[in-house]
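**Student:** Sequence:
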Amino acid sequence: MIEALTNNHLFGILLTVGLFYGGMWLRNYFRKNWINPLLISIFVIVVLLQLAHIPYEQYMQGAGIIHDFLGPVTVVLALPLYRQRRLLVKYKLAIISGIVSGVLASLVSVLLLGRVFGLNDMLERSLLPHSITTPIGIALSNDIGGIEGITVVSIILTGLIGASMASVIFRLLRITHPIAKGLGLGTAAHAIGTSKAIEMGETEGAVSSLSIGVAAIITVVLVAIMQIAGWY
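Numbering (the numbering used here), first residue to last: 56 to 287.
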């Protein structure tokens, strides 16, 4: 009976959606921003699949349907961008400079920490795309000789940590402007950070949505320049 249940497409869908909403309930109940529904879902699913000896392929029969919608659903991010277009134009210089600064900080920190801890070139290349959205990060990692699995894990962890710690960091550094919040989340924590930015407000969500795409483009260009210059 258990095998029949796990072979059903609904198993992956209901498990994923149910755990995510369960994580949201826990966060709202305890009123703690660091309780991340996505992190809870990932942890419980991994443990459950391992303990119950459920093949990942069986789980993805249903969960893969949710995965396939991730690309098209990003179109929804265009709505807050359109609504906040005048504000985005007004702060265009601050937005562009903020994204460029964030991308540079991301790349330089990986290279510097790589040198300090003695990471090999392949591991460094795998970590360089850690602050951009997953599809572009995977493609970039493959192009520069990185390890796709490490890149995916680093991207997910970066987004989870960024989204979970955002409120605390903003409060400690006294960052209150919605443009600044959106820039920080979108540039550093990509799509997961953007989901947090949307919770904070429409302006934060719009700026974060814009930051994802621009940061990814700038990252690809800068990594190409670094590779040509032989910096890694």
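Certain hints may be false.
[As the list claims (entries may be wrong)] Quick list of the computed label-pair ranges, beta carbon to beta carbon:
| id | residue 1 | residue 2 | range |
| --- | --- | --- | --- |
| 1 | THR231 | GLY204 | 30 to 40 Å |
| 2 | PRO110 | GLY173 | 14 to 24 Å |
| 3 | ARG140 | LEU174 | 33 to 43 Å |
Honestly, the hints are just simulated from the structure, not real lab data.
By construction, the Cβ of each residue, glycine as well, lies at the ideal position given by its N, Cα and C atoms.
**Student:** Each hint needs a verdict: does it hold in this structure or not?
**Tutor:** Status of each hint after checking the structure:
At about 39 Å, the CB distance of THR231 to GLY204 agrees with the hint of 30 to 40 Å. Hint check: PRO110 to GLY173, Cβ distance near 37 Å, so the stated range 14 to 24 Å is violated. Range check, ARG140 to LEU174: Cβ separation about 42 Å, and the 33 to 43 Å hint holds.
Violated hints amount to a single one, hint 2; each of the other numbered hints is respected by the structure.
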